[in-house]
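Engineer: Residue numbers (the working numbering), protein chains in the order written: chain G, 1 to 516; chain P, 517 to 815.
Where hints are given, some of them may not hold.
[Unchecked claim] Far from chain G, by Cβ distances over 12 angstroms, these chain P residues were calculated:
(1) LEU553
(2) GLU582
(3) ALA781
[Unchecked claim] Derived Cβ-Cβ restraints for the label pairs, each shown as a range:
(4) SER579(P) - ASP236(G): 57 to 65 angstroms
(5) SER579(P) - ILE222(G): 50 to 58 angstroms
(6) GLN168(G) - ASN603(P): 36 to 44 angstroms
(7) LYS557(P) - ASP73(G): 43 to 51 angstroms
(8) ASN603(P) - LYS183(G): 16 to 24 angstroms
(9) LYS557(P) - ARG169(G): 36 to 44 angstroms
None of these hints come from the bench; they were simulated from the model. Quick reminder that beta carbons are idealized off the backbone N, C-alpha and C, glycines included.
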Amino acid sequence: MKNYPIWKSFTVISLVLLGIIFAIPSIIYDENSENWFLKNKINLGLDLQGGSYLLLEVQLDVLYKEELDNFVDSARLISRDQAAKIEKIDIQENSVVIFFANNEKIKDIRDSFFQMYRGVTLQINNNILIIKLNDEYRKIIQDSAIKQSLEIVRKRIDESGTKEPLIQRSGKKRILLQLPGVKDPERIKDLLGKTAKLTFHIVDNDNVSALQNNLAPFGKIIVQDMYDENTKYLLDKRAVVGGENLVDAKGSFDQTEGHAVSFRFDTEGAQKFGKVTTNNIGKNLAVVLDGVVITAPRISSAITGGSGIITGNFNAQEASDLAVLLRAGALPAPLEIVEERSVGAGLGADSIAAGQIAAIIGMVLVCVFMILIYGTFGALANVSLIVNLFIIISLLGTIGATLTLPGIAGIVLTIGMAVDANVLIFERIKEESLKQTKVFQIVKNGFDRAMSTILDANITTLIAAVLLFAFGSGPIRGFSITLSLGVIASMFTALMLTNFLVYMYLSFANKKELKL
Amino acid sequence: MFGLNKIIPVEPNINFLGLRRNFLIFSILAMLISIVLLSIKGLNLGIDFKGGTLIEVSTKNTSIGELRAILSSSYSDVSLQEFGNENIILIRLQNKSNQESIETVNSVKNLIQDKVVEFRRSEFVGPTISSELLFRGFQAVSFALIAILIYIWLRFEWQFGFGAVVALTHDVLFTLGLLSILNVEFSLATIAAILTIAGYSINDTVVIFDRVRENLRKYKKLELVDLFNLSVNNTLSRTIMTSLTTLLALVSLFIFGGEVIRPFALTMIIGVIIGTYSSVFIAVPTLLIFKFRPQDEDD
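Just need the whole structure built from these sequences, with the hints factored in.
Structural biologist: What follows is the structure, given as structure tokens:
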């Protein structure tokens, strides 16, 4: 073996062996293996293994609106305490404008208000107080809403029995979910689509005219029935107790009422509930979920045990889903699904099969072509090409990258493009062979001259791949990953492995002349 | 040792640049037609960029007509299409508000439940997302072109960068024009294909430019046209070989890779052919605009 350093052979051989060994876990692909070695396999993307990708947007506008309503209520209470008369209240997009009868107490009112809501912008203009929701205040609302929503979404998904979900914040006001293996995305969407804000309110049966005129007096609200929109209730606006005091909820069955949800309060909730039911015997207590009344039974006796059941026209699934929602807690604001991509297991399996066939046939075609054109050298290049494929697979497995359908396309494309480096080298060797006769010098020059071209050519492809990764989303990133790995691996296999193989071949065949 | 490559002469002597006027006219026409097509007919935007809902189902004992009849009584904007074979059907619905669309998916599924073996796929892209995706796609393509230009500019003289960008613009426009004529669906995957084509075409161009640069140093007296011709001829067999192996892999992907990946494979096939053509017939002749020898400045 002429002039071929031992360390170089050693490096090449060990890298090739590593590439082949670490491809094994992905080729065997034992899904449930706990073996430390077999665990290093390729992750299949949702488009290949089936599952749901959901992008949810937190409806912050609802929260801002709610906060403005809170401002109004607080301002009214403060003004009542200060005996200041309010003439008119104007709720605008970003602010509340309160017109007082005079400006005597306005500064005191402003100061008390500021005690309650630090951070809002308050302006006085003679007898007008303007309360503004400024950007910082919005940001605080936004951040806490997203944080809370993430937590609640996580709980709900866990409760739904999805394994290995990925839930993360995406951008300013979105939440990204990847749910592998989900068979019924509609149910998940139902679970996420409800705010699940549960409150208990005392029903006001005395003020009949308010309901007739559909006009709630201060401190009351009109809420419609869940099952019959013509049935309306006049309720105390203040809830006596809410879902945040629940410690447990589960689906249950009641002999007379059918499927129901039984719940239990924490100590604070039990106390509140006990007190209210003791003081309001004979009145009705409305159970309000997301702005509609599920049921409003009459309080026949004080309930001090801190537990109860909610009945409605539920079926078993609805009752247990409601229990899930109540256990997980309410979302601070509604979530809207802005993007969904769900793939069934059948399509995923078809895609994998088709991708494999395309890769194998592409490989065979390229290999046959290379042998037809370059003969023995072509066969050597084919060895490099196959090793190249092993290296891509092993890299994907060890770095824990996700293989997607476009990712498979990237691999097939790489099969076609990876021989480029070999072709560049062989063409150089061909040219060099016209200039001189020393076999090893020809090969050395061939490789050296091709080197800078190979680097230039591959770096441009890498630039495109990296930018695709930076700006692409989901499955497309899978393409840029396999393409980048393919390009990098092909540089190694061409410049080192093909080089090694060519030297070996020439040494062992003891070639005295080279005609490519 | 055998090998068909002996048929191709090591130094072919084809006068590529002699015909440059014809090719230039052809390419300018192709680009103009592409621009006109893109502004009049536009691209067949998929749901990634247009937004909307798509449901893929596998069926049995039914026909596309029957499904259409069931659905069109409830939805006026529904369109159905066979996808690969007659048992697989794609249902598309136009965009509504997010909430409405999600409910639509549900009710469509309920309507055709008993005709369907499997709901293979359902996708919904809301209006805000589709415009964001389109914007990011444009960003990716523009940044890639700029980054490649900068790289060429650093590695070669700026005149080469100019030639490369002309060729790239040509490739992207021409490919988009053909996609418009062929009505190929334009999706995120197509953007990926276009970027890869950009990378591939530049790759091709760089190999020839590399040789031009080398020859400029080697043959100081040679006429520029002859020198360029020589460089193209030097690299010709590599250009052909690499394009052919890439095309072999892509054709295999197009035929066997499945229905979902087909538009991607087709776009790539078109792009590789155009990219190879432009490296030889557009990028190199563009260098002729510069009447001086770049290496003279270095010496």
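Engineer: For every hint, state whether the structure bears it out.
Structural biologist: Each hint, compared with the structure:
| no. | hint | verdict |
| --- | --- | --- |
| 1 | LEU553 | 25 angstroms, holds |
| 2 | GLU582 | 22 angstroms, holds |
| 3 | ALA781 | 7 angstroms, violated |
| 4 | SER579(P) - ASP236(G): 57 to 65 angstroms | 59 angstroms, holds |
| 5 | SER579(P) - ILE222(G): 50 to 58 angstroms | 51 angstroms, holds |
| 6 | GLN168(G) - ASN603(P): 36 to 44 angstroms | 38 angstroms, holds |
| 7 | LYS557(P) - ASP73(G): 43 to 51 angstroms | 57 angstroms, violated |
| 8 | ASN603(P) - LYS183(G): 16 to 24 angstroms | 21 angstroms, holds |
| 9 | LYS557(P) - ARG169(G): 36 to 44 angstroms | 40 angstroms, holds |
Checked against the numbered hints given earlier, the structure breaks hints 3 and 7 and satisfies all the rest.
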